[in-house]
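Numbering (our numbering), first residue to last: 5 to 479.
Keep in mind that the hints were calculated from the coordinates and are not lab data. Because the structure is a prediction, the values reported are computed rather than measured. The beta carbon of each residue, even a glycine, is placed where N, CA and C say it ideally should be. Errors might be hidden in some of the hints.
Here are the simulated lysine-lysine pairs, DSS-like style, with alpha carbons at most 30 Å apart [unchecked claim]: (1) K160 to K222; (2) K284 to K160; (3) K114 to K222; (4) K165 to K181; (5) K370 to K272; (6) K356 to K370.
Computed beta-carbon distance windows for the label pairs [claimed, not checked]: (7) K472 to F12: 46 to 52 Å; (8) Y259 to K472: 50 to 56 Å; (9) E91 to E427: 44 to 50 Å; (10) M93 to P204: 21 to 27 Å; (11) D364 to A137: 43 to 49 Å; (12) N118 to G394: 27 to 33 Å; (13) G146 to N118: 36 to 42 Å; (14) D348 to D285: 30 to 36 Å.
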Amino acid sequence: MQRQKVRFVPTTAGRVGMYLCGPTVYSDAHLGHAKKEVAFDVIRRALMHFGYVVRYVTNVTDVGHLQNDSDDGEDKLLARARLEQLEPMEVADKYFWSFVSDMDALNILKPSINPRATGHITEQIALIEELIARGHAYASNGSVYFDVRSWPDYGKLSGRKLDDQAEGTREDIRTEKRDPRDFALWKRAEAGHIMRWESPWGVGFPGWHIECSAMSLKYLGEGFDIHGGGLDLQFPHHEAEIAQSEAAGHAFARYWMHNNMLTINGEKMSKSKGNFTTLKDLLMQHDPMVIRYLLVSSHYRSITEFSDAAFEGARSGYRRLSEALHEIERHLPTAPSGNNAALDANIAAHRKAFEDALRDDFNTPKAIAALFGLTTDMNAAMNRGPVGAGTLNAAREVYRTLGGGVLGLFSASSGTHSAQADEAPVVDALMELVLQARQNYRLNKQYAQADELRQTLTRVGVTVEDTKDGPRWRK
RNA sequence: GGCGCUGUAGCCAAGUGGUAAGGCAGAGGUCUGCAAAACCUCCACCACCGGUUCAAGUCCGGUCAGCGCCUCCA
């Protein structure tokens with residue numbers, strides 16, 4: 005708990021256990037959630053690239069939890085269920101699958117284990133019982149609270165001292181707690197509360213923080229390596245996780261990583277502020293890889309400012325990279341054999357720069373800069389004349405393995421145009437016909453007709469470029 | 001009020017004390033029927049004021065501005 009950048013040494017050589025606080029599935033994910041998911045996905049991919057076997061656990065919070073800390077506050081899932089006239093679990097599943105499809109679009113690797121809070125009630129109750137047995141928790145009126153006063157370490161992650169904290173919350177709940185800062189491990193279910201389970205303290209439901217302790221310890225074991233999440237969860241959520249785990253006698257996460265927030269007009273994007281754009285909306289308007297590029301082009305610990313202008317920049321920047329890759333792969337089949345030693349050296353240097361950047365706290369902006377360096381070198385070389393196949397392959401490898409495998413910006417293998425896979429042959433054939441027709445116009449110097457054709461294609465989002473080697477198109 | 005973070009060109013964004021990565025946009029040029037792409041060239045007194053140092057965007061103090069957490073939030 006040094007609150008600074010430290011050297012990473014895993015518990016078990018060659019293996020890393022990671023836990024990431026996942027979504028509460030009661031509404032669609034927005035761009036801010038994507039920043040977190042992409043950040044930790046890249047960290048996971050980078051660790052894999054450096055040879056670690058990673059077990060990546062991220063939870064699904066499908067217990068509602070309260071909108072605020074008062075007893076009469078409605079559970080978020082229940083509120084949503086009422087609004088949409090669905091069963092609470094129907095709400096959870098609806099938004100869980102929605103989340104999964106968003107993450108797939110963004111090329112996020114699937115978790116190794118994706119446990120649900122409602123599937124681990126037993127484990128949570130067991131942990132609470134351990135805490136009571138050790139004198140760090142107490143039952144009160146059907147609920148159970150963590151006794152903050154009994155655990156001097158509380159506050160060590162976020163650097164807070166108990167006495168600095170504002171006196172908390174509502175009158176009615178304060179009477180149940182020994183100290184206003186005590187947090188709920190188990191809550192008594194009021195009549196009408198649909199999500200409810202039997203427990204030694206009566207019918208109720210688990211507190212918000214306990215699920216992450218129970219599930220991370222269950223699947224990653226004591227003293228697991230990395231725990232991640234949004235900076236806004238540092239306090240109280242992560243602080244509570246640490247306290248309740250360690251007070252129960254279990255060594256908890258050894259490294260904590262927090263991603264910073266995504267802002268819009270300088271303010272945090274959040275559900276409660278209502279200033280969010282859902283991923284669903286963005287995915288309809290933009291190439292998912294452009295969204296990913298935007299998120300990866302700022303450091304995970306930095307704030308990412310999101311705006312239309314930032315998006316435009318990301319779109320252009322991403323295109324520059326992907327076009328260079330396509331150009332290399334286009335040249336590859338007809339490239340002369342052999343290598344260009346000077347270029348090979350540059351490629352190796354860019355590769356090293358990329359890897360060094362990741363080794364230093366996953367500096368993705370710096371890593372991308374290395375990719376741009378490579379791009380400039382390769383474009384310049386291909387502009388000058390044919391480049392040897394060995395050299396082209398070396399460059400291609402960097403794009404696909406690092407840009408693709410680690411940053412997740414390209415697929416691991418070669419792709420063609422962005423047309424849907426099953427329609428690609430048809431589209432290609434049609435485009436060939438159209439371009440041939442346009443070439444005929446051009447050869448006959450009927451430029452008006454040729455330009456008319458190009459205009460028409462532009463309107464449907466197809467760009468045509470005339471190159472030395474003939475016309476090219478892209479979507 | 002408590003804890004903490006940030007202020008780098010029109011925009012986005014790195015930066016380990018030695019005189020500012022990268023991208024977008026913009027300007028000029030090469031190529032081209034035109035356009036686009038690509039290539040070449042250009043484009044920052046690092047919020048302000050003090051201090052430490054041979055040397056500070058980078059360390060220390062202060063000022064101003066913005067933001068986050070302390071209540072659900074990635």
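Evaluated hints:
Taking the CA atoms of K160 and K222, the gap is near 23 Å; set against the 30 Å cutoff, the hint holds. Restraint check: the Cα-Cα separation between K284 and K160 comes to about 38 Å, which exceeds 30 Å; the hinted pair is violated. Proximity of K114 to K222 is assessed by CA-CA distance (about 19 Å); at most 30 Å being required, the pair is judged to hold. Only pairs whose Cα atoms come within 30 Å are accepted, and K165 paired with K181 is accepted, the gap being roughly 19 Å.
Of the pairs offered as hints, the one joining K370 and K272 holds, with about 24 Å between alpha carbons and a cut-off of 30 Å not exceeded. Pair hint K356 plus K370 holds up; C-alpha atoms about 12 Å apart against a cutoff of 30 Å. Judged by the Cβ atoms, the range 46 to 52 Å given for K472 and F12 holds: they are separated by roughly 49 Å. The hinted window of 50 to 56 Å between Y259 and K472 holds, with their beta carbons roughly 52 Å apart.
The supplied range of 44 to 50 Å is broken by E91 and E427, whose beta-carbon atoms lie about 38 Å from each other. Under the hint 21 to 27 Å, the C-beta atoms of M93 and P204, about 24 Å apart, fit the expected range. Judged by the Cβ atoms, the range 43 to 49 Å given for D364 and A137 holds: they are separated by roughly 44 Å. Taking the beta carbon of each, N118 and G394 are about 42 Å apart, not inside 27 to 33 Å as hinted.
Remark: the range hint 36 to 42 Å for G146 to N118 is contradicted by a beta-carbon distance near 31 Å. The beta-carbon spacing between D348 and D285, approximately 44 Å, falls outside the hinted interval of 30 to 36 Å.
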